[in-house]
Amino acid sequence: MNRRDAISRVALIMGGAVIGAEFFISGCKSTSSQVADLFQPDNVAFLNEVADTILPTTSSPGAKAANVGAFMGVMVRDCYTPADQKVFMEGLTKLNDAAQKQAGGKFMDLTADKRTALLVALDKEQKDYTTQKNKTLADDAAKHKGEADYKGPEMPNHYFRMMKELTLLGYFTSEIGATKALRYVAIPGRYDGDVPYKKGDKAWAT
Amino acid sequence: MSANTYDAIVIGSGISGGWAAKELTEKGLKTIMLERGRNIEHVKDYVNATKDPWEFPHRGGRTQQMIEDYPVLKRDYPLNETNLDYWASDKDSPYTEIKRFDWFRGYHVGGRSLMWGRQSYRWADIDFEANAKDGIGTDWPIRYKDLEQWYGYAERFAGISGNKDGLSILPDGDFMPPMEMNVVEKDVAKRFKEHYKEARAFVIGRTANITVPHFARTNCQYRNKCWLGCPFGAYFSTQSSTLPAAMATGNLTVRPWSIVTKIIYDKDTKKAKGVEVLDAETNQTYEFFAKIVFVNASTFNSTWILMNSATDIWPGGLGSSSGELGHNVMDHHLGVGASGTVEGFEDKYIFGRRANGIYIPRYRNLNGDKRDYIRGFGYQGGGSRSSWGRDIPELSIGGDFKDALTEPGTWQMNIGGFGETLPYHENKITLDKTKKDKWGLPILAFDAEIKDNEKKMRIDMENDAKEMLEAVGVKNVKTHSSNPFLGRGIHEMGTARMGKDPKSSVLNGWNQVWDAQNVFVTDGAAMASTACQNPSLTYMAMTARAANHAVEELKKGNI
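Sequence lines, in order, name chains P and W. In terms of my numbering, the first sequence has 129 at position 145, counting the first letter as 1, and numbering is strictly consecutive. In terms of my numbering, the second sequence has 245 at position 130, counting the first letter as 1, and numbering is strictly consecutive.
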């Protein structure tokens, strides 16, 4: 581990770049005014329930216990581009629309099993979409290989990918996630590069 | 002695400036160290050093505001929430890019010694001989034997941990005990040895992290948060090491917020009398006088100062009579490597976060190997088990998914190359007088790029990485190759090179400016070539050697 990969490790989530961090070229601070809505109690509660469905309580507390819903709001407000913010905000509605269509009710009104079934379906949808998107981008980049100013087509991210990614990031770097779901030692004091591991032992948080 | 008169002036407080201050003050010289930015006090001002990951609101990431505020820094890993205040403001200190150049700067006491990567390697004879042998650039006026004792001197004080590997391409130093390879790296090292015999080596990194207590410094605690500043003083920085030594002599004055705008040159004595300083807070101008001036402002800023000095004699500035001032911009080119998975160690894990990795020293164009390019590259890397950020394709969401992510994933091995960049006269920096920084000072314009030799080398860097990992049994090996832009290595070198002839070099073999022999430049600007090893240890050794020479010459009355 050196300085160069230590920090970039944060960027390797779900086998790709963190949404938001990929926008190296065009930064923009203008925030969609709608984003403030994310901090309304209803929306924090909604996102916490989505997060808790993605990472529920098992032998360790779930994502709601780490208040990942509020964390998502902070990240979307501060780190997302306006385009991604728009996708995310529209995603709140889309997720409920999908709930209505698949399970006949708003997400918050569904049973745990129905919530899980819905998000499994949405996760498949985002994976298929992202796979197709990456292929399109790769094909296009190959077509324009060697063009110095090539930027590539703009293709939006999928809202559920955002929610899942922020849930993972928010949970596993939270105090609860790092110390209860994972193991964390602030000051190891020594290094041992060969310790026994058995299935079920927790991973180090950092 | 007037209030503004000292025996020596040191411009800059980073790795080489700190060393200059230590050496000169320990030899009894009243010295002032001028730093253009703010003070950062050891430990007390490392405001994020003891924070837990969840104390960062964006968990270490970057906000859109940061991306807007730092148009250069955002190009690579330095732009992040955890040590943002250690990086210079791109907006206050702009520069012109005729060609893209990623310039990542630290303007504060300690400079980039606070954020550096700490990998510390000696150069070998072949590195100092390379320019002469290839007929490239100018011959180094020094050889390994000139620096050898100073490498040892620097290592013993800085505290470099490493293994004595007995390699001619990477001379051993006076090391502290090495850090340990982990179980997978040890296995890879064994297979590497079986496969490549003596032709290539795979060794533990040599790093400026101390592994045993050293002076008042505590040994490395394996937190791997060095870039935040270390509350234990466990890695070498100006603050942890050279500054306390210099302060202890009672001979050092440190003046932050002091932008040196020029060296004051006396054409009668053909020496520097002192420097002019612009106070970065008040915009007042001051003069400081001394018998010796050490220029350690970081590679391109050192050259910027020379360019702005003695312009009434030489329009291109002090040292420009050579025709080489500002030329031969160099860096290490990187961003090329490979990674893959290692099977068979699912019952093994690690404890602690080692702030170090493994190193594969250069092997190309050596011992009869001949490529379609000259010089070579080394790799840094390491083995680790993947964490919660990994993809688990067969799982979607829910309890099983979560529980799977709470366990470590497969072992991964990754390596990334650091390649030598040749000195090209046409790769240059110049003064852009049409634009000004926050203080109304002219800025630098960059016109430099990698060329054929580096591009060909990068093909090898990518292919070799894959081939080597596969040869030692790593599976699913994938290569990567990105951004070949200069600056990204943060190993800026050249623009005031050493040489044997004042007609083709700015500095002599003791780092003295040919045209003003009491001016010494001992940072990356002095480099006549880059080798492929991380350069800071060489700056330390070169600075200690030059300071020793400066004091001897002063005593003899020669300067």
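One or more of the hints may lead you astray.
As the list claims (entries may be wrong) - Partial pick of chain W residues on the chain P-facing surface, computed with a CB cut under 7 Å:
#	residue
1	W169
2	H173
3	R174
4	G176
5	Y210
6	V298
7	F330
8	T333
9	Q336
10	E458
11	D462
12	G467
13	R469
14	S511
15	G513
16	D518
Simulated from the structure, these hints should not be mistaken for lab results. The beta-carbon is built from N, C-alpha and C at its ideal position, and this holds for glycine as well.
A quick look at each hint next to the structure:
1. Interface hint at W169 (chain W): satisfied, since its Cβ lies 5 Å from the closest Cβ of chain P, which is below the 7 Å cut-off.
2. The restraint placing H173 (chain W) at the interface with chain P holds, with a minimum CB-CB distance near 6 Å, inside the 7 Å limit.
3. This hint holds: R174 (chain W) has a C-beta 4 Å from the nearest C-beta of chain P, less than the 7 Å allowed.
4. The closest approach between the C-beta of G176 (chain W) and any C-beta of chain P is roughly 6 Å, which is under the 7 Å cut-off, so the hint is satisfied.
5. The closest approach between the C-beta of Y210 (chain W) and any C-beta of chain P is roughly 18 Å, which is over the 7 Å cut-off, so the hint fails.
6. Hint status for V298 (chain W) relative to chain P: holds, with the closest Cβ pair at about 4 Å, below 7 Å.
7. For F330 (chain W), the shortest C-beta to C-beta distance to chain P is roughly 20 Å, which exceeds 7 Å, and the interface hint is violated.
8. This hint is violated: T333 (chain W) has a C-beta 10 Å from the nearest C-beta of chain P, more than the 7 Å allowed.
9. Hint on Q336 (chain W) holds. Least Cβ distance to chain P is approximately 5 Å, under the 7 Å limit.
10. For E458 (chain W), the interface hint is violated, the least distance from its beta-carbon to any beta-carbon of chain P being 14 Å, above 7 Å.
11. Taken as an interface hint, D462 (chain W) checks out: its beta carbon lies about 5 Å from the nearest beta carbon of chain P, inside 7 Å.
12. At about 4 Å, the closest approach between the beta carbon of G467 (chain W) and any beta carbon in chain P falls short of 7 Å, and the interface hint on this residue holds.
13. This hint holds: R469 (chain W) has a C-beta 5 Å from the nearest C-beta of chain P, less than the 7 Å allowed.
14. Proximity of S511 (chain W) to chain P holds as hinted, the smallest CB-CB distance being about 5 Å (cut-off 7 Å).
15. Contact between G513 (chain W) and chain P, as hinted, is supported at the beta carbon level, the nearest pair being about 6 Å apart and thus within 7 Å.
16. At its closest, the beta carbon of D518 (chain W) sits 5 Å from a beta carbon of chain P; the interface hint therefore holds under the 7 Å criterion.
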